[in-house]
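One letter stands for each residue in the lines below.
Number of protein chains: 2
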Amino acid sequence: MIVIKIGGGKALNHAAIVRDIAQLRKTGPQLVVVHGGAAWTNEIAAQLGHPPQFVTSVSGYTSRRTDRRTLEIFEMVYCGMMNKRFVELFQAAGVNAVGLSGLDGRLWEGKRKDRLRIVREDGRRMVLRDDYTGRVEKVNAGLLRSLLNAGYLPVLTPPALSYAGEAINVDGDRAAAQTAIALAADTLLILSDVPGLLRAFPDESSLIRHIPAAQVDDYMTFAGGRMKKKVMGAAEAVQAGVRRVIFADGRGETPVQDAIDGAGTVID
Amino acid sequence: MIVIKIGGGKALNHAAIVRDIAQLRKTGPQLVVVHGGAAWTNEIAAQLGHPPQFVTSVSGYTSRRTDRRTLEIFEMVYCGMMNKRFVELFQAAGVNAVGLSGLDGRLWEGKRKDRLRIVREDGRRMVLRDDYTGRVEKVNAGLLRSLLNAGYLPVLTPPALSYAGEAINVDGDRAAAQTAIALAADTLLILSDVPGLLRAFPDESSLIRHIPAAQVDDYMTFAGGRMKKKVMGAAEAVQAGVRRVIFADGRGETPVQDAIDGAGTVID
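As given, the protein sequences belong to chains A and B, one line each in that order.
In terms of the numbering used here, the first sequence is numbered consecutively and its last residue is 350.
In terms of the numbering used here, the second sequence is numbered consecutively and its last residue is 350.
Check the hints yourself; a few may be wrong.
Copies of one chain are not kept apart here, so a pair can be met inside one copy or by any two copies together.
What the hints assert, rightly or not - In the DSBU-like style, the derived pairs of lysine-lysine whose C-alpha atoms are separated by at most 35 Å in a straight line are:
| no. | residue 1 | residue 2 |
| --- | --- | --- |
| 1 | K195 | K108 |
| 2 | K220 | K195 |
| 3 | K108 | K311 |
FYI, nobody ran anything at the bench for these hints, they're computed from the structure.
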């Protein structure tokens with residue numbers, strides 16, 4: 083079993099990723115796809131007059147400010163535009179994909195953060211109470227297994243569902259990690275618009291080729307911005323029994339094949 | 083088995099419909115929901131600078147002009163905003179809903195109309211070749227049955243998938259009719275923003291209470307605009323073995339219960 087996370091940057095080569103996944107499926111392993119849509123959400127939100135805002139938590143993580151209107155736009159882009167774009171690409175490639183959000187079948191459940199402690203741009207701290215964010219804590223593995231056993235390719239996307247039944251924005255990389263853990267996946271492959279974890283971002287020649295699973299936390303120091311949650315997800319995955327996590331480049335002509343062949347940053 | 087189609091008008095009482103369906107599920111019958119989203123699509127399309135256009139076929143049916151950009155907006159609204167809104171409402175009401183489009187698992191398949199013959203406003207005829215529309219001909223009943231048997235409520239929405247693997251805009255009422263036929267449903271309930279089929283639209287006191295199944299085609303004469311495809315779907319359903327079709331008002335406080343109790347237009 084391989085869980086493949088396709089990042090939400092515009093530089094990723096969707097056609098090539100879909101082609102590779104269609105090919106990889108023929109060689110045997112069960113596959114689950116998780117995708118993002120951040121860049122498109124920013125664009126559509128601006129067009130709809132509700133431009134994106136990002137907040138930094140007191141512990142230093144950046145996330146999307148998700149009020150109720152943002153959540154609706156987020157669902158339009160992630161669950162509507164992007165999820166159905168991937169499902170259509172897979173169907174045209176002969177792969178019977180089924181697109182689901184974390185709401186569907188309570189696929190991804192977690193606690194909504196009822197208070198988000200952030201640092202404002204002027205350095206002052208404040209608490210947000212109308213933010214719809216959280217973290218995936220439970221995965222409906224039964225629903226995924228029944229789809230896999232019937233021959234479908236699950237194509238998953240945020241948001242997730244709170245225990246109170248509200249949609250919540252969750253990090254897609256960590257959701258993919260929880261999915262890999264719940265399915266006892268062998269490999270979690272995280273494709274983005276960089277070649278992997280870089281020792282000196284953005285110098286792509288500083289790619290870190292290998293991280294021993296036991297030392298992944300030490301490498302957090304090299305992760306900036308969105309890479310932080312990828313490393314955090316990777317740490318959660320390898321510590322919970324996923325054999326390896328690969329950060330790899332989603333921009334090439336054979337991105338999945340290259341990653342399986344050892345390109346990128348391998349954590350095992 | 084009851085298939086419930088929730089129309090895409092803004093006047094429908096979604097909260098009441100969801101509450102009624104949650105209650106009805108407890109009394110036993112298996113349920114499948116199909117929904118639209120036309121009014122919201124018109125609004126969002128205008129906001130995104132691609133306002134809706136409608137075309138009239140030479141046989142007199144009006145449908146949405148669906149170029150590739152319209153299809154993308156259509157998916158954002160139907161599969162993103164509306165489908166996830168319904169799934170979230172059901173989840174908050176304790177119903178484990180799974181939202182799917184016709185693309186997912188090839189749930190709804192049909193032939194794309196590669197040429198659409200229309201009548202322009204000036205009365206001249208022309209042929210459109212870049213329109214992504216079609217009609218549902220095949221339903222993946224196996225996927226629906228496996229979800230139903232596992233206790234999920236399927237919540238379905240257009241688009242459908244062409245045999246070539248392209249997304250196509252299809253009429254939701256006729257898709258619901260094909261779904262009812264494929265599942266050998268007892269009842270197809272079509273909720274919209276009118277009380278049923280009216281003998282003298284828009285006079286709501288002219289409601290037709292009963293149509294014998296064998297005579298449904300004769301009643302086509304009373305159907306205008308969007309009601310035409312509802313009557314056509316009803317005819318297809320009763321002629322293919324669905325016991326009864328009900329057109330009912332989705333605007334009240336107990337719309338599903340009222341319809342099951344005999345309000346609206348009953349075709350049987």
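Against the structure, the hints come out as follows:
no. : hint         : verdict
1   : K195 to K108 : between (41 Å within a copy, 32 Å between copies)
2   : K220 to K195 : within (15 Å within a copy, 43 Å between copies)
3   : K108 to K311 : within (31 Å within a copy, 42 Å between copies)
Checked against the numbered hints above, the structure breaks none of them.
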